[in-house]
Every structure is written in structure tokens, then in C-alpha cells.
Amino acid sequence: MSRHKISLTVNGEKVEREVEARTLLVHFIREQLELTGTHIGCDTTSCGACTVVLDGRPTKSCTVFAVQANGQKLETIESVAAGGKLHPVQEGFWEKHGLQCGFCTPGMIMTAKSLLEKKARPTETEIREGISGNICRCTGYNKIVEAIQYAADKLQEAR
Amino acid sequence: MAHLEPRVEKHTPKAKGTSAQVETTDHVEMKTPQKVCGMGHRMKRKEDPRFLQGKGRYVDDIKLPGMLHMALVRSPYAHAKILNIDATEALAIPGVVAVITGKDLKAAGNLHYMPTLMSDTQPVLPIDKVLYYAQEVCAVIATDRYIAADAREKVMVEYEPLEAVVDPHEALKDNIIVREDKEKKTNHVWHWRAGDAAATDAVFAKASHVVKQDIYIPRIHVCSIETCGMVANYDKAREHMQLYMTSQAPHAHRTVFALVSGLPEHKIQVISPDIGGGFGGKVPVYPGYVVCAVASLVTGKPIKWVEDRSENLQADSFARDYHISAELAADADGKLTGLRVKTISDCGVADAAANPSKFPAGLYSICTGSYQLQAADVQVDGVYTNKPPGGVAYRCSFRVTEAVHLIERMVDIMAHDLGRDPAEFRLANFIRPDQFPYKSPTGWEYDSGNYEAALRKAMTMIGYDDLKREQREKRAKGQLMGIGISSFTEVVGAGPAADYDILGIKMFDSAEIRIHPTGKAIARLGTKSQGQGHETTYAQIIAEELGLPAQDVQIEEGDTDTAPYGLGTYASRSTPTSGAAAAMAARKIRAKAKKIAAYLLEVGEQDLEWNIDRFQVKGSPDQAKTIQEIAFAAYTNHPPDIEAGLEATDYYNPPNLTFPFGSYICVVDIDTGTGAVKIRRFVAVDDCGKIINPLIVEGQIEGGLTMGLAPAMFEEIVYDANGQNLTGTMADYLLPTAVESPKWELGKTITPSPHHPFGAKGVGESPTVGAPPAIANAVVDALWHLGVRHIDIPITPHRVWKALREHGVAD
Amino acid sequence: MIPAQFDYHAPKSLDEAIALLGQNAGNAKVLAGGQSLIPAMRFRLAMPEVLIDINGITQLEYIREQNGYLAIGALTRETALEESSLIAERYPLLLDTAKVVADPLVRQRATVGGNLAHADPANDHPATMLAYAAQIVARGPKGERTIAIDDFFTGLFENSLDAGEILTEIRIPSPKPQSSGAYVKIERKVGDYATTAVAVQLETAGDVCKAVRIGLTNVSATPMRAKQAEAKLVGQALTEQNLEAAAKLAASECDPSSDLRGSAEYKRDVTRVVVKRAILLAHSRVKGARA
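From first to last, the protein sequence lines are chains A, B and C. If you count by this note's numbering, then the first sequence holds residues -6 to 152, one letter each, in order. If you count by this note's numbering, then the second sequence holds residues 16 to 826, one letter each, in order. If you count by this note's numbering, then the third sequence holds residues 2 to 292, one letter each, in order.
Chain A on its own, in the form it takes in the complex (with noise of 0.2 Å):
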């Protein structure tokens, strides 16, 4: 069984460390990183629970090794708010009330974000078909979708 040497960039931080072959990327963020807020929600790449971005993709950290992530550029839900002031998707789902028990909101953000970023004006249908790799519970997805089109208007604003 293999270890690794890994280095790679995780939220804009140069971090260097050593994995087995078979360790998840999701675990690797969790555990050795210490980065919890990445979930695990499911074990059949079904919920988006884990997504995180992974050289510029958003990504299901349970099905990637993390030995894949050698040499590549990872953003967790931890470097969304930068300089601890939050993002519009972050402020998008606050405001109207896109989240009730958390969970799944770090998957569902980072997918958001990465959604805006290729398509700043989606339709609603285009953002139910994002998200569609992401389930929650709690919310009924409504208030999700509002959250993402307020990100989307903030973020035509600041344009």
C-alpha cells in the first residue's frame, strides 16, 4: 500500500503532507487538515454534502483520492468569506433563509459560487439543475434558489 507525499495549495495556503494512497480527499480535509466544514452525508457520491473546489471545478471530495489533489488548488467553504467578510452567496442565503440545519450548506455554496461564476444571470431552472447535485432536507429548495438569484443580483451590482 502506497503513501504519498503531497503539496498542494488549499485556500490560498502552500500546505504540504503525507497520505496514504487511498485516503479521500474529504477525509484528508476533515482530518488532517482539520477543515470541518466539508460534510460527508452520504457514501454513494448521491448528496453533494463533500463539494468542494478542486483547480477551478466543483467537486465531490468523497469520490477523489486525495493523493489526485497533488499539485492542485483547493478551496473549501472555510476561504469563501475572505477577509472574514461574507460573500454574496453567503449573504444570498442568510437573507433569505436558504439554510436550517447547516449541513449541507458548505456543498451547496461552493456549488452556488461556482455556478454564478460561469453563468452570472441563471434561470431558475438553470439553478435547480445546479444544484441538483446537492440534496437538503430542510429547506424544500425554495428559499435556496431565491438565495442564489439575491447572490446573483449582488453580484451584477458590484459589477
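Keep in mind that the hints were calculated from the coordinates and are not lab data. Predicted model, so just to flag it, every value in this text is computed and none were measured. Backbone N, C-alpha and C fix where the C-beta goes; we use that ideal spot for every residue, glycine too. Hints are supplied without guarantee of correctness; some may be wrong.
Said to hold, decoys possible - Derived EDC-like pairs (lysine to aspartate or glutamate); straight-line CA-CA distance at most 16 Å: (1) C:Lys190 with B:Glu760; (2) B:Lys59 with A:Glu119; (3) C:Lys100 with A:Glu119.
Unchecked claim - What follows is a list of derived Cβ distance ranges for each label pair: (4) A:Gly49 with C:Asp163: 43 to 49 Å; (5) C:Ala41 with A:Lys(-2): 25 to 31 Å; (6) C:Asp260 with B:Ala443: 31 to 37 Å; (7) C:Gly289 with B:Pro48: 56 to 62 Å; (8) C:Asp163 with A:Asp146: 51 to 57 Å; (9) A:Gly76 with B:Ile108: 41 to 47 Å.
What the hints assert, rightly or not - Where chain A lies over chain C, by a calculated footprint (3+ residues, C-beta under 8 Å): (10) 7 to 21; (11) 52 to 60; (12) 133 to 146.
Guided by the hints, dock chains B and C onto chain A, whose structure is given.
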């Protein structure tokens, strides 16, 4: 232990003033200004900043020095003898510390069995036999999660498979006994009856119309995004057990642990931190928790156990699994007269549903619903089968989902049978506002209600008459469109001490409020939020009563060392119980504040009146003391004949339950080629009495509606004939995404509860209760003219296709 | 759920990957998107001793039209297919397919090469490539070869790649005039496998079917074409009657299993319905382009 003698439900007469005719409005009152942010304000949640930034603290986030990890070995059989457990290979793996079996637990003081919340028994770890697929068989403890996962694979368990009994009708024949360990060798757990059998028989005897229907509500699983888990931390030097636990009821769990383990209760601390969804799934005590705690006790080290999703889906408490046979009677004028229900409750291997102890079928006898009925007779029989135990773990208000599904389907079938419009038929049969105080045929005293107002509002919002016209036009062209109504009465807020207890502990709840010298406050309550927004709503209640800005009130729940005793949060009980306690405690504080204000202003208490956040002299409002000034004085300048401080505790015993209600209307279009059902529109009008925070109430309703959609169209736990779970992962157990979940449309009416301190009722479960029959009624409505009378949920495309083809519709 | 232990290699070139595959014959699996393999490893249904991660071979990610075909590098992500304006304009069947593979997050990593190499009849691309009469390019120790898609799928999870070969490119013939395609997938929810799905690539002369290929998803043990349905339609006008006759044949020649999605009879009937809808959609696209 299991009750085989029949139980008949009796409702003791309620205190005066618990039921009344009450005016209905739709205006959300705001008595306090924005800066105070009392009730009615759409206050942004105070708890959100940490969740938004990934700084929540859930059980799996807890890391203690020296912590070990536990993984469970589970049974691949639904019923089998355990011939041997060989852990040699597992123990040889470096990093594996121990393997714990049922024999070890028995030796440690008969810990291999535990009581359930219904006073039955349940195996913790088995010695002789496994009784359900995925049952916990033994535990491995290792230095890290990955080693524990490897070790789990290396424990060799030798089984001799036995025939399993999966169908409760089969189980009732007692050919295969599920619980050989019990004295009475039978699968019949209990018989329960409510209502009046003789009166019901008489009503049916002279009925003009009777409709009969069998309805099966299948087993489902709540599948909160966070699974269950625990970090058990036994400190040998202090003889103190600390349990971080995904718990909706930390105090009740502490007491149960004390009783089971023999550890003194003051030496056990249960900490329920942030919880990622509960919905009833985090109320039962699962074997994993007990083994984890014992492992810590024995090793003296912190032990973490967090389930995988598949374990959670396959072994933890389910909900529903009711086999219902119902009959509804009406007179010649189409007035409903009687209801007769027989039901088999598939309990799994133990009676472990977390119901109040006198109610093995929960609050099921609410099944006469929103309608005037002369008589009802409701019988339920609990049955053991080779499946995991449970029954109420999915946002159901203790079986109210089942009760409402049955009455709303039956009323709809009757209406269609009589050629009556389903809305008009309901309006003709509703309990009328002037009939309050209303006593139902099964003994409930509904506190307040206005069913007509809610239904008419829903009809207006959806454009009912236009839809009916459209449906007629479409039907003529062979296009299938359905309109379904559900006009439900819920019952929540367990409950009055006379009737409601869990393992003997009465179902009051509590609030303790303390105001600091600088006018800020801390309040601790006996409930436990798993996302319902308590840190905000309780603060708003206290802000309303005391004028302290909600931002200045810190709310805490979940630590049994500091919070006052409570029974926890489930069955929509928090606002009716702890919400009331918070108001009552605040009023006690206000009474003391008045004394202090009188002293400071040098007037008599009778000269003072309260105004939002201050006591002022009547007729001279500039002579006033704010609550902040009074708080400061409570520590620096209080009347010499009273104690310092400004705090109070209230343990609230509700005089009755509360009865939220609503009307939902669903419009569906059916694809005759594939059987797919598209929900075109869904209007939900809810009445939960006084609204604390409309934003949070909307969130509860929208979330509950999606959890009503899910069992109506997607979710079902399926077992094969051998009791193997076929839907044991999220790949096969279908949770709706944002694409399947419609854009819910909400409306409201407000009919306060006459007995609640501020007129509120619970709300979280109304949508899960009301939505499935609205959807089912819509689909059946679309197909009625073809000869379809009923389809069981989940209404899958396959089932609709079958109904279409069987009734001559091809594509 | 934790995978069993394994040795991991991340070759930087195709030759290196092929060499590693050869050295570890029988014990190794290629890791591309990993969206099927890693879940199987987590449940220990797959326990390769060696994993050869080819994600570093970025020269295998490309979409370009050349020499009369669309060449797609095997490592091309589903998201890239979704975002390609070339594919949107000229290969609507492929765009339809990419949009419904799993869910949007899985599509960020899942590759079209992986989707095909897995040879799972429940995956979406096999039916689509069958409809396109695509070619598979594979490279191994003996060099490069081209495999016709009709010869690629040989059984449940079985393809005709040799033990040491890696799928490197997929080639879809450039569309003929008056041709178009469509993929219609019936799924219970986003992320589920198809209850049934139909891929159609259609070439017309006016309203007459000149050529058609129909691929079916998740209604057989091996990815299949509805050949009897195709034969029934060729040279015929695309009328409701002819479509129904062809669709009935597709329903009878497929071989679905009863499962939680529904009975075999149900799946056959829905296949019939969807074959018609997919052909009509493809035809409407041809007419739309003509207009």
C-alpha cells in the same frame, strides 16, 4: 414489557379555556419595533453565520486527544443463528484495540439488552441470533477510521440462516416467532383501540353510503443529511461520562443512559451540539450509541462512532409501515357520519417507536380529521417482523401523517363516489367555527380551527374554478389532469402531564432566563433544535415579552449540565411547550421587574404599566424605567426586601395539545406514455396560530412539503422475501433534488390557540402531514373517470402506467 | 465506506500508463473520472491492487472536428461536452446525452472515455455512440487501433479492449446533411440511472427516413441497437403509423430486467413510447435546420 392486553385510549377532560371559538385573521402582528425584533418580524437567523462559514460544530467535527474510532459489523441476514464470532484476524491488525461482542456486554452487567422508549426491550448486540438485516453484531475499536474499516471486514461471523418473516400478516400467524427471547411467544405486540365501537356500528348500520378502502403506507426513512453518531468520553479519574450525541432529546437520553448503565445521572453529561437534521430519526437510542459509551467506559478513552449512510438507511428507525383498512359512512344527504379503521402496525423487532408511552399508535386517533363525524372506531395491532424497529422517525407528529392520509383519501373517495366536487364536499362536512370547543368522536378537544377559511383561501390562490373548467376540457380530449385537496387537522405539542410521558417522564418543557447587569440575557431550554431556528425564535419570544432586543438574548440548548430538563424537539412540540415556558418565565421576570421599577420610581406597582420595553407611570410616560435600567438595578440598587438578580425558570405543563391545520391543493398532469406525474402547481395554506417569525415558518413549510412530496412519489424502503433491504443506499432510496421539488406556493390564515400563552401552535410537521394526500388525491382525481379509485404511495410512474394500461389507456 | 488499500501511480504520458498497465496485468485498473470506480472501491466491490491515474495525461482532453469526424479525447469531461458550442451546433444527440449523465457535480470529473470503457448498459454514452456509429481508438503495447462501436461492447461490463489497452479517443462521423439526433432519457430523478433511454441519429430525405440508428440504454445486458426497429424505418415515411410499428419492434427486441424502477413489461412499453419521441425530436431538429 410488551403489552398484549388491549389498551383503550382515554382522553381526560381538559382544563377550561383550552378550546374556544377564535377569530381568524391573516395579518401578522408586530407589536415591537425593529430594534427589539419581537414576534412577527422576519428576523434573519442568529445562528447562521457559523453555518455559512463552515464553522458549525457537529458530532463528527469533535476531536478529542487520544480518541479512538468504532465501526460496527452488521448482519447480512434478516434472521439467523450466530454460530461463532472470530475476531482473531481483526485483532491482529496494527491499530485495532478491541472487538466488543454481545457476550462482552452481557458480562459487563447485562448491557446486551436495553429498554426501548416504549418499555419494550431491544438487543444492543446479539449473542444467539440476529433478527434484522444490518443488525449490529459486534464493534471494532481502532486508532483510526480506516483501520476500523479494515478490521470490520476481517471479523468472521458464522451464521446459520433462518427463515425470516417480513410480512406482518404472515407474522400474525406466529409460525416464525421473531422474539424467542420474550416470555410470550407471539409476534402480536399490542392491541389498541379508540373511539366507540357500538356507536360506530350503529351509525354504519343506518348509513346510506359506505366506502371501503385498503391503504398501505409503506416504510420510509428520514435520511437527514447528517447520519447518527456519538463521541463518548469517559474520564476514569473523575468517574464522569461525557457523551456528544446526535440527540433530539438530550435529557431523556441522559436519564436512559443512567438507568441502563448504572452510572449516576449527575456523572453523565449529554451534549447535543449542532445537529444536521433530526425529524425524529435522532430520538431513538440506537445500539451503536450504547456500545460506543460502553467502549469508552471500559477503555477510559474517547470513542467516536459515526454511521455510514448505508448503515443509517438500513438499520436506524424508520417511519410509517401501516396497513390500513378503512370504512367511511355517510347519510342520504352526503353528510359524513362514521369512520371505522383497522390497522396493522409493522413494528420491526421491537416496539421502539418514540411515542408517548400511553400511545403505542401515537396520535393516530386524530383520523376523524377536520370533519364532523358522529362516531368512530379505530383499532391498531402492533406486530413484530424481522426488520429494524421504529415507527415514527419521519416528521409525522406521532402517526398523524398516517391518520390524515387515511381520512383525506377516504373523504375524497366518498366525494368522487357521490359525484360531488371534493372542495364543496369538504366544505359541507367541515367542523364549523361555531362548533368550538369541539370534542371529536375519539376524545380529542380541538383547541381552535377555521377549516373553511383555509380551504377557500387555497381555492382562490389556485384558481379552483378555472382549473375545474380546464380539466373538463382536457378530459374531453383524453388529456389527464388532476386536482387534489387535503384539508388536514394536525395535533402537536405533547403534552399535558395527565396523558403524556416518555418512560414515565412527563412531557412538560422548560425555559430558564437570566438577565445580566448590562441588560443582555441568556436563556436555556429543554428542547433541542436540529435546524428549526430556535436561537432566533426563542429570542424573539423573549424580546416580545421583555423588550430586550432579540440580538441581546443568547439562546442555548442541548447541554444537560446547564439546560433545564426537557423532553426535546420532535413532533412539532417546541413552540407549544418550551415556547410557552419561555413566555411564562419572561412574565415571572417582568413581575419582579415591576417591583424593582416601582422601587426605583418611588411609586406603587399599581401605578405602573408595561410598554414594550419599559415600565412607565400611568399618565406620566416619561417617568419610566427600561428593562435594561431595571436589570442593572437588580444587581446594584434593588429593593432591600427582595433578592438580587433578574431571572426565572418555568416548567410548562400544557393544558392541551395544539391543533394547527390547513388546506393544500395540488394540480398534476399525467404523461400517458410513461406514467410520469408532473406537479404543475401546489398551493399550501397553513394555520399555525400566532407566528413568531414568518420567514422561519415559511422555511419549515417549504421543507416539510418536500418531505411530503418524497414519500408521495419517490421514497420507499423495500425488502425482499428474505428481509434483505433493497433500498439501502442513497442511490436506491430516492431523495428529491431541486429539480423534482416544485415551486411551492404558500398562503396563511391565523387562528390563535386559546390556551397557549401567546396563541401559537406547532408547525414543522403540518406540511409533511398534509402534502401526501393532496398529491395522491390529485393523481386519483386525474384517473377516476377511467375507474381508478386508489393508488398507494409512493405514486411512481410504474404504478400510474399500470393503472392507465389496466384501465384501457394506451399511448 | 473506506476502500481497501492499493498502490497508486500517476503517469505523465500515455506510454508510461500503458507500460504500468502491462507491468501490473490483472491487478490494475485505470482511474479516469473515478465516478464509477471510486464508489465501487468504497464498497469494496472493486479492490484493484494497483490504480493507474491517467488524469495527468491532459493531452487526452480535447474536442475537435477533423477529417470528417469529431474527435473527442477519452479524458474529456462531461462538462466540457456540455459547454462546447461545436457540439451544441452539430452534435445535438451528444449534447442531449452529456446533459443527463448523473448530476452536474459528477459531470465535472466524469469522462466520456470512462463512461464507455466501463461497458455498463446503464451508462448513457454507449447507446449514443451506437447511434452515431462511432469508432473507438485504443492504444496498447502493440500500438494504436480503431474499433467500430458495434464491435466494442461484448457483454455486461465487458468491452473488446485487450488487457493492456487504454481507450484514447472517440470518433463520431461528421453529420451528413439533413441529419440530426436526439437522446431522450426517462429517469425517476436527477442522478438515477435510466428507466429507459433512447439515442437516435436520423438521416432524412424530405420526410422519409434514409438512415437511422437507434441505441437503447439500460434495457439489456449489453448496450444495444434496436436493429429491427431501424430496419423497419429505413426507406419509410416518418408517419405515426410507421413510428409505432418500429417502436413496437424496439420494445420487443430489448431485454429489460424488472427492478425498483418497474417491471420488464413497463420498461418495454416506455421504450416503445420513447423511441417514437426521440425520433420525432430528431426529425424536428432536421426540419428546424432546413428551415
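- What hint numbers does the structure not satisfy? Numbers 1, 2, 4, 6 and 12, in rising order.
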